[in-house]
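Could you put together the complete structure from these sequences and hints?
Protein chains: 2
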Amino acid sequence: MSERHNTEMPFASPESTHWLDSIRWNDAGLVPAVAQDSESGQILMMAWMNRESLQETAATRTAVYFSRSRQRLWRKGESSGHTQRVISIRLDCDEDVILLSVEQLGGIACHTGRAHCFYRTLTGGVWETTDAVLRDPAEIYAEASDPEPVSSHTVMGQRVSGHSVMDQSTNKGGQGVEGKANE
Amino acid sequence: MSERHNTEMPFASPESTHWLDSIRWNDAGLVPAVAQDSESGQILMMAWMNRESLQETAATRTAVYFSRSRQRLWRKGESSGHTQRVISIRLDCDEDVILLSVEQLGGIACHTGRAHCFYRTLTGGVWETTDAVLRDPAEIYAEASDPEPVSSHTVMGQRVSGHSVMDQSTNKGGQGVEGKANE
Chain S
1 MSERHNTEMP
11 FASPESTHWL
21 DSIRWNDAGL
31 VPAVAQDSES
41 GQILMMAWMN
51 RESLQETAAT
61 RTAVYFSRSR
71 QRLWRKGESS
81 GHTQRVISIR
91 LDCDEDVILL
101 SVEQLGGIAC
111 HTGRAHCFYR
121 TLTGGVWETT
131 DAVLRDPAEI
141 YAEASDPEPV
151 SSHTVMGQRV
161 SGHSVMDQST
171 NKGGQGVEGK
181 ANE
Chain P
1 MSERHNTEMP
11 FASPESTHWL
21 DSIRWNDAGL
31 VPAVAQDSES
41 GQILMMAWMN
51 RESLQETAAT
61 RTAVYFSRSR
71 QRLWRKGESS
81 GHTQRVISIR
91 LDCDEDVILL
101 SVEQLGGIAC
111 HTGRAHCFYR
121 TLTGGVWETT
131 DAVLRDPAEI
141 YAEASDPEPV
151 SSHTVMGQRV
161 SGHSVMDQST
171 NKGGQGVEGK
181 ANE
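Protein sequences, first through last, are from chains S and P. The opening residue of the first sequence carries number 1 in this note's numbering; numbering runs sequentially from there. The opening residue of the second sequence carries number 1 in this note's numbering; numbering runs sequentially from there.
There could be a bad hint or two in this list.
[Stated by the list, open to error] Covered by chain P, per the in silico footprint, the following chain S stretches (three or more residues, Cβ under 8 angstroms):
#1 30-39
#2 94-107
#3 116-122
[Claimed, not checked] Far from chain S, by Cβ distances over 10 angstroms, these chain P residues were calculated:
#4 52
#5 62
#6 70
#7 72
#8 73
#9 105
#10 136
[Unchecked claim] Partial chain P-side listing against chain S, Cβ under 10 angstroms, derived:
#11 19
#12 34
#13 45
#14 58
#15 60
#16 88
#17 95
#18 98
#19 112
#20 116
#21 118
#22 119
Hints in this document: simulated from the structure, not taken from any laboratory. Cβ coordinates follow ideal geometry from the N, Cα and C atoms, glycine included.
Here it is as structure tokens:
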């Protein structure tokens, strides 16, 4: 799955915007972006991008998403340190989905401390957790240079407290709100 | 990337619905579903699923999406013959994105005749086509057992005519309409 390009040059200069006009942004000005590990091929996560986040991603070769819950740019890794170095940016046939090939720093993309976000597998009508936590999120975010406000919050049916990551765990979802689930 | 499970059993019986309640459907009752080739790890496409399509997918182990443009179930391969045998169904940490591991029949997931839909790569501020057409879509859909109404339509800047696939090529997109881009 390895895909190598020149990793020094931006994919598009900050002044270049024509390529952004090809994209069919949704009513909220967003497109889904799938991040795939460039080495293993594992799907790490799916998040959303607005025009500004994609432009910054292309210019810096570092993944920047848009947090729907916080309505601001989400520089992946800004809290966790788990940034994503972008190897390639692809667009689908309908021009409304982005695919990033990335190098995942720290080998952990998910805010739960797992390698990727898709850690539950449907088995006999049950969502079974099939991927291990590689590192305690409390540890990951304790080292954060830019910690978020601390709170107590229920995540995945577990009550946890004492760190910000928990504020962002289940807010990406269905009803038009979203979050930086992986931060 | 190979991921093998028992390929005979459904992931959930048709009577089982509890697992569907865990999913955070959007306001339109949909979730994005990413399809990944179980052998190569290649990301084939992203489409949408409603509750019914996901339930059928789990019961039949064959990918069924929901066409936003046509507002009906889209049984992937119904026109092209390029069905997807589902190897596993995963859910992300926020319970609002589905990941399918699939075997792509015919080795072509995209309605353009390419292996996958992400055939354009951002290079120097331009979306460069980097993947070849493996088979002429006109051929693929000429063999369809269930052809759609024929029309002439502009696809990807090319005027083509004579087959239905063209009706569905660019309608998945941003403004809340969508289609079975791959059919």
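Verification of the supplied hints:
no., hint, verdict
1, 30-39, "holds (count 4)"
2, 94-107, "holds (count 5)"
3, 116-122, "holds (count 6)"
4, 52, "holds (16 angstroms)"
5, 62, "holds (14 angstroms)"
6, 70, "holds (14 angstroms)"
7, 72, "holds (18 angstroms)"
8, 73, "holds (19 angstroms)"
9, 105, "holds (18 angstroms)"
10, 136, "holds (15 angstroms)"
11, 19, "holds (5 angstroms)"
12, 34, "holds (6 angstroms)"
13, 45, "holds (7 angstroms)"
14, 58, "holds (6 angstroms)"
15, 60, "violated (13 angstroms)"
16, 88, "holds (6 angstroms)"
17, 95, "holds (7 angstroms)"
18, 98, "holds (9 angstroms)"
19, 112, "holds (6 angstroms)"
20, 116, "holds (8 angstroms)"
21, 118, "holds (4 angstroms)"
22, 119, "holds (7 angstroms)"
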